[in-house]
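Please build the complete structure, drawing on both the sequences and the hints.
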Amino acid sequence: MVATFAALLALTVTPASQQQSYAAIVDARYKGNEGDSVAGVPTYKSIGNALSGMTANGGTRAIIFIRKGRYREKLTVDRPRITFRGESRDSTIITYDAAADTPSPGGGRYGTRGSFTLRIVAPDFRAENLTIENSFDYASNAAKPDSDKTKFRNPQAVALMADLGSDRATFVNVKILGHQDTLFINSGRSYFYKCYVAGHVDFIFGAGRSVFEDCDIVSLDRGSRTNNGYVTAASTPVNHRFGFLFFRSRLKKENPSMAPGSVTLGRPWHPFADPDAVASVAFIDTWMDDHIGAKGWDRMSSVDSTGTRIWYEPSSARFVEFGTRGPGAVASPSRRVLTAPQARAITPSLVLDGWTPAVQR
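The numbers in this note's numbering rise by one with no breaks, and the one at position 337 of the sequence shown is 665.
Hints were generated in silico from the structure; no laboratory data involved. Careful: at least some of the hints might be erroneous.
Stated by the list, open to error - Ranges of calculated distance between the beta carbons of each label pair, as one might list FRET restraints:
{"no.": "1", "residue 1": "637", "residue 2": "425", "range": "40 to 50 Å"}
{"no.": "2", "residue 1": "552", "residue 2": "362", "range": "44 to 54 Å"}
{"no.": "3", "residue 1": "475", "residue 2": "662", "range": "31 to 41 Å"}
{"no.": "4", "residue 1": "555", "residue 2": "475", "range": "16 to 26 Å"}
To be verified - Pairs of lysine-lysine residues, derived as DSSO-like cross-links and limited to a Cα-Cα distance of at most 27 Å, are as follows:
{"no.": "5", "residue 1": "373", "residue 2": "402"}
{"no.": "6", "residue 1": "373", "residue 2": "359"}
{"no.": "7", "residue 1": "359", "residue 2": "402"}
{"no.": "8", "residue 1": "402", "residue 2": "477"}
{"no.": "9", "residue 1": "396", "residue 2": "373"}
{"no.": "10", "residue 1": "472", "residue 2": "522"}
{"no.": "11", "residue 1": "479", "residue 2": "402"}
{"no.": "12", "residue 1": "396", "residue 2": "359"}
{"no.": "13", "residue 1": "396", "residue 2": "522"}
{"no.": "14", "residue 1": "522", "residue 2": "580"}
{"no.": "15", "residue 1": "396", "residue 2": "477"}
The structure displayed is predicted, hence computed values, not measured ones. Ideal placement from N, C-alpha and C gives every residue a C-beta, glycine not left out.
Shown next, in the form of structure tokens:
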């Protein structure tokens, strides 16, 4: 099934020499006027300016080719059918360093929802062969004493956010880097193929539906012997059968010295103690290193409108696995394992509600 589903994706990248296929080219080294035609293609130094040059209401798919470089930009994609195609996954980097406590230009603080580097609010977005990073210096902030007034008490820092309006978002060969709250899938359907996602606390979270196929999910080491974080914090609506599916992927740890059994697969997020947020997370045929232990899942609390803190146990969520392999495949009463027939009822196509990620033409 993997080969059949993945084969529907076009993984080849059109050479830059075929520039007539691009709606725009972005080059960090470009010295000309933004949007001037170079070899017949509008060329920019800024990704944001290139986006502004696209049709507001969308037409045919617009491919923006992004050359190697570091692009420090805070971006919102609000036009449908946009593709970001990087020249190199490791050398084409979209980065910003806002955290939840970072002051916002409009006043106040960004908050978690505003801390994103890249936010998608339009359908049919696609990204290929690049890195999306939140470069907030989490470690330096954590090292500050509590008495330091410059220390952020809310260090959540989102790299990529699929927000209201996003649907059918596809990511192929993309690195998504951060620490706490790296990837916020809060709306619509998303598909990640051969991607790399790194973080530590709740670093894949939200209410959306998403499939991670043949991906590396890497937990960063916080230096703890007992708690180095949680992979997921889903808030799936109770009326949605599926939330996150990790399919034939790999849960890795940042370094060999990272403490065994110090990371859990996830915990149930109930934003504002919403009783209708019932996390759905499945790991199917996924390899796990020994940072995942027998505990498997963890509890999580939320504060309701009266100020009351409520704790939610993993047993109340829809947390399942099947075909787990590797040192982290530890049998435990707290890790619910599906039967083979039950596992066959959780497929990428079902999670994505019949949508097959578009073939790049």
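Unmet hints by their number, sorted upward, for this structure: 1, 10, 15
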